[in-house]
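Taking the hints into account, I'd like the entire structure generated from these sequences.
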Amino acid sequence: MMRVQSWVLASLLLLLEVLGSRVGASNPGIVARITQKGLNYAGEKGVSALEKKLLEITMPDLKGDFKIKHLGNGEYEFKRLKIQSVELKNSKLEPIPGEGLRASIFNAFIHLEGEGKARKSFVKIKGSFSLKVKDISISVDLRLSSDSSGRPTVTNKQCSTHVAEVELDFSGRIRWLLNLFHDHIESKFRKILEEKICEIVKKSVASHLQPYLQTLPVIAKIDQIAAMDYALQGPPQATSHSLDTPFKGKFFSQSHQSLFPFEPSAMNFPEDHGLMVYFGISDCVFNMASQVYWEADIMNFTITDNMIPSHFPIRLTTSSFRALVPQLGKLYPDMQMKLQISTSSPPVMIFRPGNVTLTPVMDLQAFVILPSNIRAPLFLLSMTTTVTATMNMNANRLISSVKAESKLDMELKHSDIGSINVPLIQAILNHYALSTLLPALNENLQVGFPLPMPENIQLYDLLLQPYQNFLLLGANVQYVKN
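According to the working numbering, the sequence shown is numbered sequentially starting from -15.
In short, the hints are calculated from the structure, not lab data. These numbers come from a predicted model, not from an experiment. Just to be clear, a hint being listed does not mean it is correct.
Below, computed lysine-lysine pairings styled on BS3-like, alpha-carbon distance capped at 27 Å [as the list claims (entries may be wrong)]:
1) 36 to 108
2) 187 to 108
3) 205 to 187
4) 47 to 116
5) 205 to 175
6) 36 to 73
7) 63 to 205
8) 76 to 101
Have a look at this one:
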């Protein structure tokens, strides 16, 4: 399990992140927007992580000479220096337009303790000391990009630390002597701490933050048929309030290459920054999925009598269908039937403000199973209906369910057995579709697909709202260690 090793890591682990410099020729399929509220949360988590990390700073022993006016030269030594406490009171993480991210900490405090000794001529004295480092400010600029595989990368652009005040407090017999040259000692401590703090930040970026960002998925397997390409498609677009990151968001078949007849449209996000993160998911993402599964023949299925619920009044037998097609009983007495439902093209989902609809066009071919196990065609019907889709989340996976807004509308395309009662067949199949087919379809839709997020991120306070050509998903985020 990846540990949170620095405030920089914790500050960025909600950014989904993030962030690439690969320029794509088309609009992204998914855009992740991190608001200032999300950055504020990251900063709060980062402060706690940095406080723990700074406690691990190893301070070197200090040795040197000093010169006191009218008293001459002497020697000093400080050892066993240990940080006792760290307080990081104020922090800020903000996007810098055209550059990346800047993390700032103000009014920080560090308390150290250790032992010291001094010698002047034949006089040797020693004692303990307390060092209070006050009003520390830290500024870190991060450059965010991506590697050739589309994975995010992060590098430290600059780090600066400034210590405004160092206060030494000596105890024991050493105090009277060291008080004479405390300015010299304070200056050395200030320089060492400023270097140590930036050293830890730089090391954490390279050793902990960068590996963590590699946990952001590039290829996510959905099931045995489909997968999703989450490679970064372009650099982040930073404003004074948010950071937008483009992902390909491309569904693809694991067995062959698909040619999609559509490209994502630009997604116009509403001016809402009340939640920490927003995802814009193009309608093309869903329609690419529709085509992949259609090409895999998942949308063509067969209905046999053993699939009909036992309580259903009409069975898939020629005897049962005599009321609908009287000549069936004469031509094919007491034989099993089979219905083959197919689509000539992938269903297309249409996203409009407030709703998602699709109007699948299907063919229903009825067969009779002859004693030789050969299928004899009976009749062919075309079927259309309007379905609305509802989106939800389950364990960071976007799932959906569908509901019929209109009954199946059927039209006879061809009959091998003369005239048939289409309205009566339509009524029966509508009842079967509502009671059996839709629940089975919705069960399959619960598989869903994951969103591009790094490890240990959970979403809550979900908002899902369809807009023109895309779905907007908003949420607050929480980092949960396993």
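Hint by hint, here is what the structure shows:
no.	hint	verdict
1	36 to 108	violated (37 Å)
2	187 to 108	violated (40 Å)
3	205 to 187	violated (33 Å)
4	47 to 116	holds (20 Å)
5	205 to 175	violated (51 Å)
6	36 to 73	holds (14 Å)
7	63 to 205	violated (55 Å)
8	76 to 101	violated (40 Å)
When held up to the earlier numbered hints, the structure conflicts with 1, 2, 3, 5, 7 and 8 and fits the remainder.
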